[in-house]
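**Q** The residues making up each chain are set out below.
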Amino acid sequence: MGKTQVIVGLGSCGIAAGASKTYNEFERIINTDKLEINLRKTSCIGMCFREPLVEIIDDTGKYLYGEVDQARVDEIIDKHIKKFTPIPDYIVQSDKYPSKDQEFFDGQVKISLRNCGHIDPESLEDYEARDGYKGIRKIANENISPEQVIQHVLDSGIRGRGGGGFPTGMKWKFARNNQSERKYVICNADEGDPGAFMDRSILEGDPHGVLEGMMICGYAIGASEGYIYCRAEYPLAIKRLNMAIEQARVKGYLGKDIFGIPGFDFDIIIKEGAGAFVCGEETALIASIEGARGMPRRRPPFPAEAGLWKNPTNINNVETFINIPWIIHQGPEAYAQYGTEKSKGTKVFALTGKINHGGLVEVPMGISIKDVIYKLGGGITDNKKFKAVQLGGPSGGCIPEHLSHTPVDYDSVNATGAIMGSGGMVVMDETTCVVDIARFFLDFTQKESCGKCTFCRVGTKRMLEVLTRITEGEGQEGDIEMLEELAETIKDSSLCGLGQTAPNPVLTTIKYFRDEYEAHIRDKKCPAISCKKLLTYTIIEEKCTGCMACLKGCPTDAIVGEKKQAHNILQEKCIQCGVCFTRCKFEAIHME
Amino acid sequence: MRIQRLKPARKEELLLGEVDLTLMEPLLEKYKDRKGNMIPLLQGTQEIYGYLPKAAFAKIHQATGLELNEMYGVATFYAQFRLVPAGKHIVKMCHGTACHVQNVTAITDEILDNLQIKDGETTEDGLFTVETVACLGCCSLAPVMMIGDETYGKLSPRQAVKIIREIRRSENN
Numbered sequence: 001m002g003k004t005q006v007i008v009g010l011g012s013c014g015i016a017a018g019a020s021k022t023y024n025e026f027e028r029i030i031n032t033d034k035l036e037i038n039l040r041k042t043s044c045i046g047m048c049f050r051e052p053l054v055e056i057i058d059d060t061g062k063y064l065y066g067e068v069d070q071a072r073v074d075e076i077i078d079k080h081i082k083k084f085t086p087i088p089d090y091i092v093q094s095d096k097y098p099s100k101d102q103e104f105f106d107g108q109v110k111i112s113l114r115n116c117g118h119i120d121p122e123s124l125e126d127y128e129a130r131d132g133y134k135g136i137r138k139i140a141n142e143n144i145s146p147e148q149v150i151q152h153v154l155d156s157g158i159r160g161r162g163g164g165g166f167p168t169g170m171k172w173k174f175a176r177n178n179q180s181e182r183k184y185v186i187c188n189a190d191e192g193d194p195g196a197f198m199d200r201s202i203l204e205g206d207p208h209g210v211l212e213g214m215m216i217c218g219y220a221i222g223a224s225e226g227y228i229y230c231r232a233e234y235p236l237a238i239k240r241l242n243m244a245i246e247q248a249r250v251k252g253y254l255g256k257d258i259f260g261i262p263g264f265d266f267d268i269i270i271k272e273g274a275g276a277f278v279c280g281e282e283t284a285l286i287a288s289i290e291g292a293r294g295m296p297r298r299r300p301p302f303p304a305e306a307g308l309w310k311n312p313t314n315i316n317n318v319e320t321f322i323n324i325p326w327i328i329h330q331g332p333e334a335y336a337q338y339g340t341e342k343s344k345g346t347k348v349f350a351l352t353g354k355i356n357h358g359g360l361v362e363v364p365m366g367i368s369i370k371d372v373i374y375k376l377g378g379g380i381t382d383n384k385k386f387k388a389v390q391l392g393g394p395s396g397g398c399i400p401e402h403l404s405h406t407p408v409d410y411d412s413v414n415a416t417g418a419i420m421g422s423g424g425m426v427v428m429d430e431t432t433c434v435v436d437i438a439r440f441f442l443d444f445t446q447k448e449s450c451g452k453c454t455f456c457r458v459g460t461k462r463m464l465e466v467l468t469r470i471t472e473g474e475g476q477e478g479d480i481e482m483l484e485e486l487a488e489t490i491k492d493s494s495l496c497g498l499g500q501t502a503p504n505p506v507l508t509t510i511k512y513f514r515d516e517y518e519a520h521i522r523d524k525k526c527p528a529i530s531c532k533k534l535l536t537y538t539i540i541e542e543k544c545t546g547c548m549a550c551l552k553g554c555p556t557d558a559i560v561g562e563k564k565q566a567h568n569i570l571q572e573k574c575i576q577c578g579v580c581f582t583r584c585k586f587e588a589i590h591m592e
Numbered sequence: 593m594r595i596q597r598l599k600p601a602r603k604e605e606l607l608l609g610e611v612d613l614t615l616m617e618p619l620l621e622k623y624k625d626r627k628g629n630m631i632p633l634l635q636g637t638q639e640i641y642g643y644l645p646k647a648a649f650a651k652i653h654q655a656t657g658l659e660l661n662e663m664y665g666v667a668t669f670y671a672q673f674r675l676v677p678a679g680k681h682i683v684k685m686c687h688g689t690a691c692h693v694q695n696v697t698a699i700t701d702e703i704l705d706n707l708q709i710k711d712g713e714t715t716e717d718g719l720f721t722v723e724t725v726a727c728l729g730c731c732s733l734a735p736v737m738m739i740g741d742e743t744y745g746k747l748s749p750r751q752a753v754k755i756i757r758e759i760r761r762s763e764n765n
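Top to bottom, those sequences are chains G and B.
So for the first sequence, my numbering puts the first residue at 1; every next one is plus one.
So for the second sequence, my numbering puts the first residue at 593; every next one is plus one.
Take these hints with a grain of salt, some might be off.
[Claimed, not checked] Straight-line alpha carbon distances no greater than 27 angstroms define the calculated DSS-like cross-link-like pairs of lysine-lysine that follow:
hint : chain 1 : residue 1 : chain 2 : residue 2
1    : B       : 624       : G       : 239
2    : G       : 384       : G       : 524
3    : B       : 754       : G       : 239
4    : B       : 646       : G       : 239
5    : G       : 310       : B       : 684
6    : G       : 447       : B       : 646
7    : G       : 370       : B       : 746
8    : G       : 384       : B       : 746
9    : B       : 684       : G       : 533
10   : B       : 627       : G       : 256
Derived from the structure by calculation, the hints contain no laboratory data.
Everything numeric in this text was worked out from a predicted model, so none of it was measured.
Assemble the whole structure, with the sequences as input and the hints as a guide.
**A** Structure follows, in structure tokens:
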């Protein structure tokens, strides 16, 4: 009989949900009761909506438990471990028990996330036990030339997963063809799109996979040094990458003549970003590694020609690199069997917003948005009406409900006006105001603009002002047209992707929800009942207990009434701040 | 534009006076001759003092020859760097998309109201600095805030204020 394994998911989001406490509780009981149990750690399996997650593997099978807080730990130890009776109510996945969450796993094809949630990310042995470092070994053993490696990557059809969608093999080819003493590989781990966290999950869950992808790239283009540019907001990712690099150096997987390939020296250095969204743009990222302000520059010359310290450089995103070892090991055909004609393979999406199963899913390209949201995502929270989905973060756009049959591949998504981006999918329901969302993204890009190009610097500011006044009920006739004009000008006259795409959220929401803009401007109404300044607050007499909480919180003394008697709001004094609504414990404040 | 993030220094901070610059020696030794060392040097300095003291810039300049204007440019460009000391607890309110959709703004307003400060400011007693930040990457737990290394998810305005109050209580004891 093998030792029972208890594996706790300790990714950043799991820890935020209390997984460390869960782990400690297991450890405490195992020690006090002297249980014969192998307690282990893993990372995020993507099922964020059921965190903290604990997997139990014993002689009878595998059981994944969800929402394991301290109380459940005690119960699981008592029933499952000591009495061998699993608790079906808490099980979210197991071949023994059907779970209503099973649909979250059906339809997923895990290539990028193949190891996340299955290995201890701090263990090199775990990685190797699941075909780790077999891609680079295959190159060494079968004497595959750099050109052949590039051909494999080309044949797989993989395109840049950071958002641009440029064929990865082509990029490598350019870098290979530029002759230079020094070349560099850079892994872009500056995941800045609010609403996307697949790179964090991969770095935390499978750091060796990223290293191996970079090694293969280094071999293919002829580079001896790699940099991982990781944002400082991901401390756990940085910690695990550092551990992985150290382990690889000790094993000789990084250093001189690695994997016995004569003349192939390769080492990897981590650079911590200092907080600038624009550094996700490759020339800005290079400037930042060089120690300067992260400002983009004109291309050409492209980094493949003159990148880091003017040497040929190849930059790929984390998700791109993690696919490479798999492609080399399994063969490009295996990868190309998934996806559509022009978008091969799988893509990871971060499902967030008003969705039941928030988390990370990996699906073959070409599946429809609707299927992602309803089949894997479990539909909209509280049975509300699905309104739109924001794809591609601040650079992307809003795809409305009537286009939800759109397949997720680069070209179909682009045709809607959105972009694939890094794969953040923020789901909005009928209570989300699209004008406010557009304003939110503009606020973000406006703050993050590096200030180099005038239209991006000033234009986004002007657009933000117009959007703000629309959401505050001060919109004027002609505002929509002004937004459209500014948007086109910014797109045309910005150097980098940030400016070129910043107006997308505004343009797509105007395109699909023009009536909502008009309602804000002409009728001074927010159809989604979301923009505070456009609402009228009243008190529902029957629900009000006269607790005085709203009255005390009101900054303008607009609420009157006696203790224990229903209060009243004086509309002429009300400034629509919404404090009464947040303070009320009895849902007695009505908004319309 | 990014440079607007710079907050004017408060009077007491200007009078705050000296910091022990010798603490920087090992850092300077490590990075002195490396290519692209400016950001790691500033990050390391901030690690030591919690912010970038004016005197530290001069010290780095002496040791490495990096230009003051370039360092200042970099320090004001990146969100991570502060030129004034922050509170003991830094409360990071996530204003990423998912948190925004889940109405984090109401929570931030409630916290700021409770602490009687504005976004980016520090409380009088120096205990809390509240900052709105872009995505913390815990989107499925939105709305989220981070205090120190601890992340709190699925918050309501009331819960968030309660957490702040508890920290204050334990500090006062």
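**Q** Taking the hints in turn, state whether each one holds.
**A** Do the hints match the structure? See the list:
1. In summary, the hint linking residue 624(B) to residue 239(G) is supported, as the alpha carbons are separated by about 24 angstroms, within the 27 angstroms threshold.
2. Restraint check for residue 384(G) and residue 524(G): the C-alpha separation of about 24 angstroms stays at or below 27 angstroms, so the hint holds.
3. Taking the CA atoms of residue 754(B) and residue 239(G), the gap is near 31 angstroms; set against the 27 angstroms cutoff, the hint is violated.
4. For the given pair, residue 646(B) sits about 30 angstroms from residue 239(G) by alpha-carbon distance, which is inconsistent with the 27 angstroms threshold.
5. Taken as a hint, the residue 310(G) and residue 684(B) pair is broken in the structure, with Cα atoms around 37 angstroms apart against an allowance of 27 angstroms.
6. Between residue 447(G) and residue 646(B) the alpha-carbon distance is near 25 angstroms, which keeps this suggested pair within the 27 angstroms criterion.
7. Using a Cα cut-off of 27 angstroms, the hinted pair residue 370(G) and residue 746(B) holds, with the two alpha carbons roughly 26 angstroms apart.
8. The straight-line distance between the Cα atoms of residue 384(G) and residue 746(B) is roughly 19 angstroms, inside the 27 angstroms bound, and the hint therefore holds.
9. For the given pair, residue 684(B) sits about 26 angstroms from residue 533(G) by alpha-carbon distance, which is consistent with the 27 angstroms threshold.
10. Taking the CA atoms of residue 627(B) and residue 256(G), the gap is near 22 angstroms; set against the 27 angstroms cutoff, the hint holds.
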